[in-house]
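Visitor: Here's the letter readout for the chains.
2 protein chains.
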Amino acid sequence: MSIPKSHPRYVSLKTRDTIVDGVKKGITSTHGLIAHGRGEAFDYLIKEKTQKFALEAIEAAACLLLSAKEPLISVNGNVAALCPKEIVSLAKLIPAKIEVNIFHTRKNRRFFVSQKSEGFFRKSKKRGIAIAAYLAKNGAKEVLMPKKPLIKYIESNRRFCNPQGIAKADVVFVPLEDGDRCQALRKMGKKVITVDLNPMSRTSKAATITIVDNIKRALPILIKTIKRYKKLNKNKLKNKIKRYNNKKILKESLQYISKSLS
Amino acid sequence: MSIPKSHPRYVSLKTRDTIVDGVKKGITSTHGLIAHGRGEAFDYLIKEKTQKFALEAIEAAACLLLSAKEPLISVNGNVAALCPKEIVSLAKLIPAKIEVNIFHTRKNRRFFVSQKSEGFFRKSKKRGIAIAAYLAKNGAKEVLMPKKPLIKYIESNRRFCNPQGIAKADVVFVPLEDGDRCQALRKMGKKVITVDLNPMSRTSKAATITIVDNIKRALPILIKTIKRYKKLNKNKLKNKIKRYNNKKILKESLQYISKSLS
Numbered sequence: 001m002s003i004p005k006s007h008p009r010y011v012s013l014k015t016r017d018t019i020v021d022g023v024k025k026g027i028t029s030t031h032g033l034i035a036h037g038r039g040e041a042f043d044y045l046i047k048e049k050t051q052k053f054a055l056e057a058i059e060a061a062a063c064l065l066l067s068a069k070e071p072l073i074s075v076n077g078n079v080a081a082l083c084p085k086e087i088v089s090l091a092k093l094i095p096a097k098i099e100v101n102i103f104h105t106r107k108n109r110r111f112f113v114s115q116k117s118e119g120f121f122r123k124s125k126k127r128g129i130a131i132a133a134y135l136a137k138n139g140a141k142e143v144l145m146p147k148k149p150l151i152k153y154i155e156s157n158r159r160f161c162n163p164q165g166i167a168k169a170d171v172v173f174v175p176l177e178d179g180d181r182c183q184a185l186r187k188m189g190k191k192v193i194t195v196d197l198n199p200m201s202r203t204s205k206a207a208t209i210t211i212v213d214n215i216k217r218a219l220p221i222l223i224k225t226i227k228r229y230k231k232l233n234k235n236k237l238k239n240k241i242k243r244y245n246n247k248k249i250l251k252e253s254l255q256y257i258s259k260s261l262s
Numbered sequence: 001m002s003i004p005k006s007h008p009r010y011v012s013l014k015t016r017d018t019i020v021d022g023v024k025k026g027i028t029s030t031h032g033l034i035a036h037g038r039g040e041a042f043d044y045l046i047k048e049k050t051q052k053f054a055l056e057a058i059e060a061a062a063c064l065l066l067s068a069k070e071p072l073i074s075v076n077g078n079v080a081a082l083c084p085k086e087i088v089s090l091a092k093l094i095p096a097k098i099e100v101n102i103f104h105t106r107k108n109r110r111f112f113v114s115q116k117s118e119g120f121f122r123k124s125k126k127r128g129i130a131i132a133a134y135l136a137k138n139g140a141k142e143v144l145m146p147k148k149p150l151i152k153y154i155e156s157n158r159r160f161c162n163p164q165g166i167a168k169a170d171v172v173f174v175p176l177e178d179g180d181r182c183q184a185l186r187k188m189g190k191k192v193i194t195v196d197l198n199p200m201s202r203t204s205k206a207a208t209i210t211i212v213d214n215i216k217r218a219l220p221i222l223i224k225t226i227k228r229y230k231k232l233n234k235n236k237l238k239n240k241i242k243r244y245n246n247k248k249i250l251k252e253s254l255q256y257i258s259k260s261l262s
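Heads up: the protein sequence lines correspond to chains A and B, in order.
Start counting the first sequence at 1; every next residue gets the next number (the numbering used here).
Start counting the second sequence at 1; every next residue gets the next number (the numbering used here).
One chain only, chain A, in its complex shape (with noise of 0.2 angstroms):
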């Protein structure tokens, strides 16, 4: 569909358009599909822009990121479809390991669990090898992806990680994750950064930080504020993220909302 860039809703639309091609690329599943709806509505009602609690949110991830010993980002259908470039800048810019993160049929965990090669180069159908292939593409030199059921706390095929990646992150950067992958993650002892436009939900919850932005104008801002934040050393870093508190964040996140509502 072609959109008028005089539309008031322009970004919104052709992000729209763009995810519903990550369907067509089969890197998109589509409950992927359920899940940017949701997040469209929570985005509408924070006005569609970068309000103050997610640059608060996205300077204290600049910092968690750049002072972790293996930090990680966690890439799944709807990430890799919205923001291929933006993952692969920003991995090399911490830098950090990307790993694929998808809610995969037993078929694919059986898929996974016996490929031999992390083969994202074989031409296959299969979701995860899909996006993969499409952050190489987008210029990514690793992707790793799930292998041994390693994420303890949980029942479902999410528990698949990589044992060079999550499993040996401190510092874990998933956006648009999952209610229980992130609260298993922190049980395990990892940091945890989010993207998620609602404040309520169990993800946001459960993360150590929790950007509550729509991610297309999240990632750019962080890629900025790690390159500002680079010559900074541990110390003051540590500092900058001892003085976030993310339960605060999610308050005031809700509290514009409702504003914004009455």
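I should point out that these hints are in silico values taken from the structure, not numbers from a laboratory.
Note that identical chains are pooled: a pair holds if it fits in a single copy or bridges any two copies.
Listed next, the in silico EDC-like pairs over lysine to aspartate or glutamate satisfying Cα-Cα at most 20 angstroms (straight line):
1) Lys14 - Asp178
2) Lys5 - Glu155
3) Lys191 - Glu70
4) Lys14 - Glu48
5) Lys14 - Asp180
6) Lys230 - Glu86
7) Lys5 - Asp180
8) Lys230 - Glu56
9) Lys137 - Asp21
10) Lys137 - Glu86
11) Lys236 - Glu59
Just so you know, these numbers come straight off a predicted model, no measurement behind them.
Once you've looked at the hints, dock chain B against the given chain A.
Guide: Okay, now just chain B, sitting in the frame of chain A:
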């Protein structure tokens, strides 16, 4: 995906599966999935329950449908996937005609213009036909198809409707409607009843009666209410309609959401 009945959001998750099934059946569009997700977010904000403002709107809607001369039910891919049986029951009960309403592509438009019969028994991959066939399978005796560009004030292919259906109707029940089309129907002097979980949408604002509720919960209540009011004479129905104030209802729903956030 099998969801345990004990899950706190069981109904919402089952509904999500139903709409995804709609895509597999060729009834629901990918953009329809995103729209469903937006609805889910707003449903969450009204606590996934039919609130007082929705019940009031349902009462008025029942009266308006019963007092209409040419009532019509306009059905899109999401409505058909979610509530086929309820739509058919409603049409028989009022009684009202059913018309398929989709944002059909140019290709489909030519199809609709040139087709000679209603043709919904033909095996076809076209979404409009699939919707009609699905309603027929669920008991509909007749389903009208969009045929001529008779909806004024609208540029897109949504202006197509059936001369014996929407074009003639005085009251249109059109749940989960697009803003442009709702406004256009109102400008043509028709009374419009909608179901929309977003009280701020253009559809919600333009409609004569807006039921701010999940269609899966609202339709059974609407059917019950119509059964109860069927015996009332026209004057009593008119008095009930007169007392209804859509602006007030929308304001109340916004206040409810705002309060529940803070």
